[in-house]
Each structure stands twice: as structure tokens, then as C-alpha cells.
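Those protein sequences? They're chains A and B, same order as listed. In terms of our numbering, the first sequence is residues 2 to 351. In terms of our numbering, the second sequence is residues 2 to 351.
Keep in mind that the hints are not guaranteed to be accurate.
List of simulated lysine-lysine pairs, BS3-like, C-alpha gap at most 30 Å [to be verified]:
hint, chain 1, residue 1, chain 2, residue 2
1, B, Lys119, B, Lys93
2, B, Lys111, B, Lys93
3, A, Lys211, B, Lys205
4, B, Lys211, A, Lys205
5, B, Lys36, A, Lys93
6, A, Lys111, A, Lys93
7, B, Lys311, B, Lys36
8, B, Lys205, A, Lys311
9, B, Lys36, B, Lys111
10, A, Lys119, B, Lys311
11, B, Lys193, B, Lys205
12, A, Lys93, B, Lys193
13, A, Lys193, A, Lys93
14, B, Lys193, B, Lys211
15, A, Lys211, A, Lys193
16, B, Lys36, B, Lys119
17, A, Lys193, A, Lys205
18, B, Lys193, B, Lys111
19, A, Lys119, A, Lys93
20, B, Lys205, A, Lys111
21, A, Lys211, B, Lys211
22, B, Lys93, A, Lys311
23, B, Lys111, A, Lys311
24, A, Lys36, A, Lys111
25, B, Lys93, A, Lys36
26, A, Lys93, B, Lys211
27, A, Lys36, A, Lys311
28, A, Lys36, A, Lys119
Reference excerpt, derived from the structure (chain B facing chain A, CB under 7 Å, subset only) [said to hold, decoys possible]:
hint, residue
29, Asp172
30, Leu210
31, Trp243
32, Ile261
33, Gly264
Because the hints were derived from the structure by calculation, they are not lab data. Every value quoted in this text rests on a predicted model; they were computed, and no experiment measured them. Even glycine gets a Cβ: it sits at the ideal position worked out from N, Cα and C.
Protein chains: 2
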Amino acid sequence: MTTDRSGNNDPAELRNFNEEELFAGISGALALRPKIEQIVDEIWNSGFDGIYFTGIGGTYASAMQAEVYMRGRSGLPVYAENAAEFITTGRKRFTSRSIVICSSVSGTTKEMLAMAEKAHTLGARIFAFVDTPATPLAETADWVISYPQNEQLKFYMTCSYLMYLNHEFDDYSEYCRQMEQYLAEGLVNVEKESDAWARAYAEKTAADLKQNPDMPHYFIASGNQYGAAYSCAMCYWAEQLWIKSICVSAQEFFHGMLEIITGNVPVTLFVGEDEQRPLAERVARFLPRVSENYVIIDTRDYAMTGIDEKYRGTVSHLIMRSVMNRVDAWLEYELDHSRSIRRYYRRFDY
Amino acid sequence: MTTDRSGNNDPAELRNFNEEELFAGISGALALRPKIEQIVDEIWNSGFDGIYFTGIGGTYASAMQAEVYMRGRSGLPVYAENAAEFITTGRKRFTSRSIVICSSVSGTTKEMLAMAEKAHTLGARIFAFVDTPATPLAETADWVISYPQNEQLKFYMTCSYLMYLNHEFDDYSEYCRQMEQYLAEGLVNVEKESDAWARAYAEKTAADLKQNPDMPHYFIASGNQYGAAYSCAMCYWAEQLWIKSICVSAQEFFHGMLEIITGNVPVTLFVGEDEQRPLAERVARFLPRVSENYVIIDTRDYAMTGIDEKYRGTVSHLIMRSVMNRVDAWLEYELDHSRSIRRYYRRFDY
């Protein structure tokens with residue numbers, strides 16, 4: 002089963018969907034480009050020995066996506082770092098000439114503040130995207146951009162300009178032109194196009210869960226889709242919807258996890274369009290042979306008019322997030338469970 | 002509940018346990034030191050711009066353990082790499098002056114051979130531990146050591162000597178003396194000491210699974226225990242025992258996965274002794290407040306006579322593996338399921 006784009010395309014009927022707001026949100030993030038470029042220019046001109054995209058939980062997933070975007074393309078020393086590991090293990094190669102790039106919605110996450118303090122103690126500088134201004138992380142950072150949501154896009158914009166400065170992105174201007182002209186509309190359309198399919202998928206998932214609430218749901222993905230699946234399993238399904246969801250990379254799936262996939266074990270495979278696509282395609286060929294309960298979401302099924310084939314891999318994780326936005330909106334409805342309720346997180350000290 | 006070391010300590014009654022063989026296996030690995038040092042000397046003298054511990058599946062878990070061992074201690078450019086990601090995304094910073102260090106039991110794993118071919122095409126050199134001599138990986142590598150099992154130990158021996166050469170391990174000789182004198186006996190004793198507890202744990206786990214075979218089992222760990230939990234969940238429990246097991250890091254657990262831990266959801270926490278121990282301890286404090294079905298395995302409960310406190314963190318993942326060896330032996334028995342059977346892996350092409 003792949004995405005079926007027929008059916009309801011009337012935005013008025015899409016649950017928790019505000020087309021204007023969504024469009025404006027993405028457009029506004031893209032419009033941060035001059036600010037991002039100015040900050041990256043300052044970082045560039047003052048020199049650095051390493052750039053550490055640092056996060057925890059969902060922001061760590063975004064950090065992994067930034068790192069894998071640059072890994073094959075850039076000679077720059079760019080790494081993904083986990084805030085809690087940085088606090089404990091640290092990193093001997095991290096110095097006063099290192100740069101932390103991070104993002105936070107609240108600006109108050111405990112591990113992120115401790116990470117920032119340690120980074121500053123070592124003399125390093127911090128470039129933070131903080132959704133909420135005048136919060137501790139925003140106030141401690143050396144450079145701040147306060148703009149809500151679109152974390153992954155903000156990270157990728159930063160990465161793209163870094164590669165441009167390093168002479169690794171000759172067509173940066175054309176790339177930005179296409180993004181600025183087409184990305185917002187394209188992603189809005191993905192939500193509209195996927196909604197009817199997403200509702201059916203949510204219904205099926207909810208029905209499965211009613212039958213067997215303890216059965217885990219497996220997400221499989223690679224490349225920048227791995228971060229998408231990781232945050233989907235952990236931040237959305239487990240944290241918000243209390244579903245026992247698991248994320249495994251496509252390459253690692255074949256070295257262990259495959260053995261537990263039989264008949265009705267639910268599997269969702271994310272297929273993206275970056276250079277790790279073949280790893281997911283291998284899983285796509287395998288699943289029909291062993292499973293009767295799998296779903297393949299392939300970002301190639303979505304038009305993204307105006308964006309060249311060669312650039313699609315850099316936004317396919319955003320396409321997937323748009324599809325999953327629709328799924329999550331309907332899952333909340335089908336499970337009759339508010340996504341804003343937490344059992345434990347920030348409800349007591351631990 | 003922590004490990005209870007009372008009960009059966011008669012090795013004759015330990016399932017799948019051959020004390021002499023185990024002792025000789027570890028001692029033999031430690032005796033590889035002159036060979037490892039000679040190879041690392043050659044690598045050191047010819048220079049390098051990066052050392053990439055590279056694996057897939059279980060060997061990737063070991064690569065992550067090697068990287069986290071050196072991350073906080075060493076200024077050397079040492080990274081963990083996944084063979085399948087290296088083949089697809091690659092790594093622009095990987096050059097003809099880069100070194101791959103890898104390990105393989107079979108010497109025939111598809112992704113490892115493709116990784117080696119690509120590394121060689123780029124002019125890089127490969128140091129491979131291959132259990133089985135005269136296999137393709139052993140034949141293509143620039144340096145080979147063929148010795149069975151003890152992969153993690155062989156990697157850590159390599160790491161330790163690299164740090165010694167980089168003037169980051171002043172007490173290397175004393176460290177090696179303690180390992181060579183006490184590690185094999187210590188780990189043999191861990192298996193004996195943990196066996197009775199492991200059998201009870203296996204019985205309980207098997208009983209839970211009989212009641213609810215689809216309920217996932219959560220492993221939580223950090224530092225070098227993360228690789229231990231990763232391979233336990235994926236290579237042992239999922240692949241060999243067909244249990245729906247999941248591994249999540251202690252730091253990430255608090256940013257999503259915690260919400261699904263209620264009453265009877267089974268959780269096993271690995272607490273080790275490296276610098277990330279506090280991350281696991283935080284989970285240890287949290288679990289009693291939300292769970293009625295958790296187990297904490299703390300490597301500190303095992304004596305490891307003769308090994309200084311300050312060195313224990315470098316072997317606590319081996320202690321955990323010894324405990325889990327006992328658990329897995331008894332789980333095989335309790336589940337009446339041979340660990341050597343695979344549904345899919347290497348049974349057909351995919």
C-alpha cells in the first residue's frame with residue numbers, strides 16, 4: 002500500500018489545518034535567510050574548528066538530519082551532538098573555537114541549558130534558534146533567531162549556506178530561489194493531497210491498537226528520513242499519542258529487527274529521496290514477502306511543483322513530516338486522545 | 002530489583018557454559034596486544050586524517066562503543082561509521098589518508114565488503130578483525146587479525162593503544178597489566194555470579210511473553226552500555242529469540258519514550274560505570290515511580306577483583322554482556338527456541 006492521493010482535498014475539511022497559517026509559517030522561515038546568512042558569515046569570518054548541531058529528543062533528531070545532509074557533500078567538520086552526552090562524556094575535540102548550533106521551542110530545556118553553560122565555559126559560541134524569545138537559552142546564546150517552528154528547515158538553510166561559503170554549493174542561488182518560490186505551496190499541497198489517505202491510515206492504526214494496544218508499531222527509515230522516523234516514533238507517537246512505536250534504520254533492520262516482522266506486526270516504511278533511498282527501497286522489496294501489515298510512504302508520490310528533481314532529497318524529510326502531520330491529526334481524533342496531555346514530562350521533577 | 006548474586010554458583014549447572022573455554026577466549030584476545038600494537042604503530046607512523054570504526058548491526062554497536070570510549074578522552078579524529086551509510090551517503094572528509102577499523106565474524110557480510118571496496122577505491126587502508134581467516138574481508142584488508150569473538154575487547158585494546166600513542170593514557174602499562182591479570186577471571190566470575198539471577202529473570206521474561214507475546218521489551222542504556230543494549234535488543238533478543246525488543250538511550254528516554262512506560266510494560270535498565278552513568282541513574286530513580294515491571298542491572302554489583310575503580314568504566318559493557326550471556330542462555334531454554342534459527346537472515350536473497 003502506498004499513498005493514495007485521491008479523495009478529500011477540501012482544506013475546510015482537514016482536521017487542525019489552517020492553510021494560510023501553514024503557508025505563512027514556512028514562508029516566514031524561508032525569509033529568515035538574510036539573518037541566517039549574516040550570522041553564518043560572522044561564524045565563518047571568525048573561524049572555527051568544528052560545528053556541532055546539538056539537541057535532545059526531537060531537536061537531536063533534527064541535528065542528525067543536518068549532519069547527514071552535509072556528511073556526503075561537505076568537507077566541513079560538522080557533527081551531531083546530544084546535549085546530555087555533551088554534559089557527561091563531553092568531547093575532547095570540542096574547543097573554544099567550536100560552534101554549537103541548536104534549536105529549542107521552549108528555550109528552557111534542562112539539558113540544553115546545561116549544554117550551553119558547558120560550551121560557554123569552554124569558550125565556544127552558540128547559535129540558537131529559539132521559538133520563544135526572552136527565554137534562558139535565547140538569552141545565553143551568542144546569536145539568536147526567534148521564529149516559531151520549522152526547525153528542520155532552519156537547520157538546512159544554515160547547512161546550505163555553510164556549504165555555499167565552502168564552495169560546495171555552486172547553484173545555491175537557484176536552489177534558494179526554488180525553495181522561496183515553491184516550498185511553502187508544495188508542502189501545503191502535500192498536506193491537502195495526503196489527508197484522505199492519512200485519515201484511512203489513522204483509522205486502520207487505531208483499529209489495530211484497539212485490538213492489541215501493546216503491539217509495537219515499527220518505523221523504518223534512512224538518510225534524512227531517519228530523523229523523521231525517529232521523531233515520529235518518539236516525539237509524536239510515543240510522547241503525544243502513547244503508542245508503543247519504534248524506529249529502526251533501514252540498514253540496521255536487516256541485521257536483527259527483520260526477524261520479528263511477521264503477518265500482522267505493523268510496519269511503516271519511510272522512503273525519501275536523498276542518497277540513502279536505496280537502503281529504504283531494499284526494505285520496500287523485502288516487506289511484501291514477510292508482512293501483511295505494512296505501509297510504504299514514498300515522498301516521490303508528492304508533486305512539489307517547481308522544485309527540481311535534484312533538490313527533492315533535501316526536502317523529502319519535510320514532505321514526510323507534512324504527510325505525518327495529517328496522520329497525527331487524525332490519530333488524535335481516532336484514538337480520542339489529546340496530543341497535548343503528558344503523563345510525566347514536565348509534570349513532576351525526576 | 003537489582004541483581005541478586007545468591008544461589009547457584011556451580012559452573013557444572015550453568016547452561017551453555019564452559020569455564021575453561023571462556024577464560025581461554027578472553028585471555029587469548031588480551032594476548033593479541035603485541036600484534037595490535039604493531040599494527041597501530043604502523044598506522045600511527047604513516048599518519049592518518051581520521052579513524053573510522055565501521056560496522057553494521059552488531060559490529061556497528063561495537064563501533065559506537067569504541068567511539069564513545071574515546072570521545073571524551075582523546076583529541077584524535079575517531080568516528081563511528083555505518084557500512085551501508087558509507088556506501089550510499091559516503092563521507093566527504095574520508096580520504097586516502099583515512100583508516101577503517103572493522104570487525105566481522107563471517108568475513109562475508111555484504112555491506113562490509115562493499116564498504117571495504119569503496120574505502121580502497123578512495124585509497125584508504127583497512128584494519129580488520131575477522132574471526133574466520135581466508136574469507137573475503139580478511140583477504141582484502143590491509144591489516145588482519147584473525148581471532149574468534151571478543152570484538153568489543155579487541156576494539157577497546159586498539160583504542161587504548163591509540164590514546165597511549167597520543168599521550169592521553171599515561172598509565173597504559175598498569176591498565177594493561179590489570180586487564181591481562183584479572184579481566185578473564187573477573188568476567189568468568191560475573192557469569193557464575195549472575196547465573197541464578199539470570200535464570201529467574203529469564204523465567205519471568207518468558208512468562209510475561211507467554212501472557213502477551215506482542216508486548217515490547219524496552220532496554221535503556223547510555224555510554225558504552227548503549228551499544229550493549231542496542232546489540233542485546235537487536236542482535237540477541239530480536240534476531241535470535243524473536244522477542245519484540247527496543248533500545249532507547251537513557252538521555253533520549255526522557256524526551257518521548259517515557260510516556261509509554263506504565264504498570265506492566267517490561268523495562269530493563271543497564272547501568273554502567275563510565276562517565277554517562279548519571280544518565281542511567283536518572284532513569285533508575287524514575288522507574289520505581291511509574292513502573293511495576295522493571296529490572297535494573299548495575300555492573301557495580303560485580304566484583305571484578307583486581308581491577309581498579311577508575312578502570313571499571315572501560316569494561317562495564319563487557320560485564321553487562323557477561324550477565325546477558327547468562328540471561329540469553331536461559332531465555333533460549335525457557336522459550337524453547339533455538340538461538341541459531343533465523344526466519345529470513347541469509348536464508349534467501351533480498
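Structure-based check of all given hints:
no.: 1; hint: Lys119/B with Lys93/B; in the structure: 13 Å, holds
no.: 2; hint: Lys111/B with Lys93/B; in the structure: 23 Å, holds
no.: 3; hint: Lys211/A with Lys205/B; in the structure: 26 Å, holds
no.: 4; hint: Lys211/B with Lys205/A; in the structure: 26 Å, holds
no.: 5; hint: Lys36/B with Lys93/A; in the structure: 28 Å, holds
no.: 6; hint: Lys111/A with Lys93/A; in the structure: 23 Å, holds
no.: 7; hint: Lys311/B with Lys36/B; in the structure: 26 Å, holds
no.: 8; hint: Lys205/B with Lys311/A; in the structure: 53 Å, violated
no.: 9; hint: Lys36/B with Lys111/B; in the structure: 27 Å, holds
no.: 10; hint: Lys119/A with Lys311/B; in the structure: 24 Å, holds
no.: 11; hint: Lys193/B with Lys205/B; in the structure: 20 Å, holds
no.: 12; hint: Lys93/A with Lys193/B; in the structure: 38 Å, violated
no.: 13; hint: Lys193/A with Lys93/A; in the structure: 48 Å, violated
no.: 14; hint: Lys193/B with Lys211/B; in the structure: 27 Å, holds
no.: 15; hint: Lys211/A with Lys193/A; in the structure: 27 Å, holds
no.: 16; hint: Lys36/B with Lys119/B; in the structure: 26 Å, holds
no.: 17; hint: Lys193/A with Lys205/A; in the structure: 20 Å, holds
no.: 18; hint: Lys193/B with Lys111/B; in the structure: 37 Å, violated
no.: 19; hint: Lys119/A with Lys93/A; in the structure: 13 Å, holds
no.: 20; hint: Lys205/B with Lys111/A; in the structure: 36 Å, violated
no.: 21; hint: Lys211/A with Lys211/B; in the structure: 20 Å, holds
no.: 22; hint: Lys93/B with Lys311/A; in the structure: 19 Å, holds
no.: 23; hint: Lys111/B with Lys311/A; in the structure: 29 Å, holds
no.: 24; hint: Lys36/A with Lys111/A; in the structure: 27 Å, holds
no.: 25; hint: Lys93/B with Lys36/A; in the structure: 28 Å, holds
no.: 26; hint: Lys93/A with Lys211/B; in the structure: 47 Å, violated
no.: 27; hint: Lys36/A with Lys311/A; in the structure: 26 Å, holds
no.: 28; hint: Lys36/A with Lys119/A; in the structure: 26 Å, holds
no.: 29; hint: Asp172; in the structure: 17 Å, violated
no.: 30; hint: Leu210; in the structure: 11 Å, violated
no.: 31; hint: Trp243; in the structure: 6 Å, holds
no.: 32; hint: Ile261; in the structure: 5 Å, holds
no.: 33; hint: Gly264; in the structure: 11 Å, violated
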